[in-house]
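Protein chains in written order, with my numbering: chain Z, 1 to 330; chain X, 1001 to 1300.
No wet-lab data here; the hints were simulated from the structure. Please read these numbers as outputs of a predicted model, since none were measured by experiment. No false leads were slipped in.
Residues from chain X shown here face chain Z by an in silico Cβ test under 7 Å; the list is partial:
(1) 1205
(2) 1280
(3) 1284
Where a beta carbon is used, it is the ideal one built from N, C-alpha and C, also for glycine.
Residue-level listing of the chains:
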Amino acid sequence: MNMGRNNSSHCTRRSRYTLSLKTKNSTTLAEAVAAIRALAWVIRSSKATTMMDLEIELKKASDSLKSWDTTSISLAAGCDLFMHYVTRTSALEYEDFNSAKSRLLERAEKFGNQPVQMSHYHEKLLTKSVLQARKIIAMLGQDFIFDGCTILVHGLSQVVLEVLKTAAQSRKLFRVLCTEGRPDRIGLQLSNELAKLDVPMKLLIDSVVPYGMDKVDMIFVGADGVVESGGIINMMGTYQIALVAKSMNKPVYVAAERYKFARLYPLDQKDMVPALRPIDFGVPIPSKVEVETSARDYTPPQYLNLLCTNLGVLTPSEPSVPVLLISSPP
Amino acid sequence: MLEAFQESIKDYSTPPEKALIRDLTAKINCYVSFLIECRPLSISMGNAIRFLKTRIVKLPLTLSESEAKATLLSDIDRFINEKIILADKVIVRHAVTKIRDGDVLLTYGSSSAVEMICLHAHDIGKQFRVVVVDSRPKLEGRLLLHRLVRKGITCTYTHINAVSYIMHEVNRVFLGASSVLSNGTVYSRVGTACVAMVAHQFHVPVLICCEAYKFYERVQLDSICSNELGDPDAISKVPGRKEINYLDDWANRENLQLLNLIYDATPSDYVSMIITDYGMIPPTSVPVIVREYRKEHLWI
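Assemble the whole structure, with the sequences as input and the hints as a guide.
Encoded structure:
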């Protein structure tokens, strides 16, 4: 057991190292995928001889990964997803512990879709499966884009970008309005990306959204996490746009991968782990003035129209969200 | 009821030349008919009886009588333990995460699950206030109020007439359920639908606490098509106020009927979340839970 404990703390450090590599490197590797690969590494190097021991080690590693960044929903969701799969596998009776272990590794690798090579932490950890998931979503999502339409995009989501790229490549003619996205000004980064694609685009500051909503045909957003009620947690401003869209009858489409489905159920905006981002107003603020620095909001499912995931296109109020959580593998 | 069945199984002995399974099932049916004569069965009782009958039918024929009885008794014990007692613990654990310090909770009538949640939240030190809404003729809220106040929880007591007045102060509404139907409709004590509707209008989240054994594969669109009638005299008389005797001869009046419904159906639109032993689920997922977990667990 002592060996096990030393091993798990070593795994923890290694897992955190993988995650930190991700943040240094590109945005293409998702945190959840890095976490699952780290857990796969734990399985590989584990000296446990029974499923219970392995589960305990994995649980410790998963908790430690989650504590690395308590505000990241996709990280927690990815860890939970894999742990859920581990629990289900161990509940089934495998005669051979090794075959169960290899099955888990196979699933983890499928998620990363590349053999976890211990010596390759230094290269760009591009995972084929995340890209694959995005491609599936892009293919499904771009079906909704028709010639001559105007799309409103909020926040910089790689998935949504992929959808737009795929649509542009299939020679669809469309226009994109993108919001500035204070305080990060993320809309400016998005506009750079879109300029490379030669897609006509217009930048709107956040307050101009209702003004311009008349001309919009659909809204595409990504998600930090999809919650059990079918709603999404995303960058601040998404709820506002969804409310305006609902009142003006414009469809809101969310593009999210399967691993973003989290076992959370916020009842209102304050019912989540706060993620605070300091805002720079450019001028000094008097000390008595408080600033709302929350960076995320929750959009309830009644304001969303469709969720495009790599498992298909779902409606948010359908029972499918919890069913996916229960039944399908990561 | 299940404990009564346990006693009856203990006292049961197979008559000669009769199969245990068939005879016991017939006896259970007799007992059930008797119970129905006293009072219509609730949906959860119906589910429990179905469980018992399934277990009896599944008994292997090779078991001796004492072994069969022992198996049945342990099955019932397990049902009670897993589906009721442990389920309540899980529900309480989930529900207290939704109570924050400074919250004002509202509850209606007297639900054992909600009482456990309040007591547990108070035990772990959360600061909150409870508004207990009550209604005639049962006035069940008084029991809950009594128990909560005894533990030191700050409570407010009001009648259902005032629910729209008090709702603006409330952060969360916790309601119990007699049953949850397949389309997410909550079947509960009469008055619950009213409270849920007002809460919905004030944008207050409504949380239903219900164990999974109470889920039922029926769809009901309104409260009238299947309900239970209570005693009409309970409406016409007010205990302690003899001077209110306007309705004393209601039975003689031809064009007057007193309707005392016991249950009502709350549409799923008014429900924000259902807390069960399988976790916190939106009301649209009830048929999924019913399907998936009944298949997997089959009442075991």
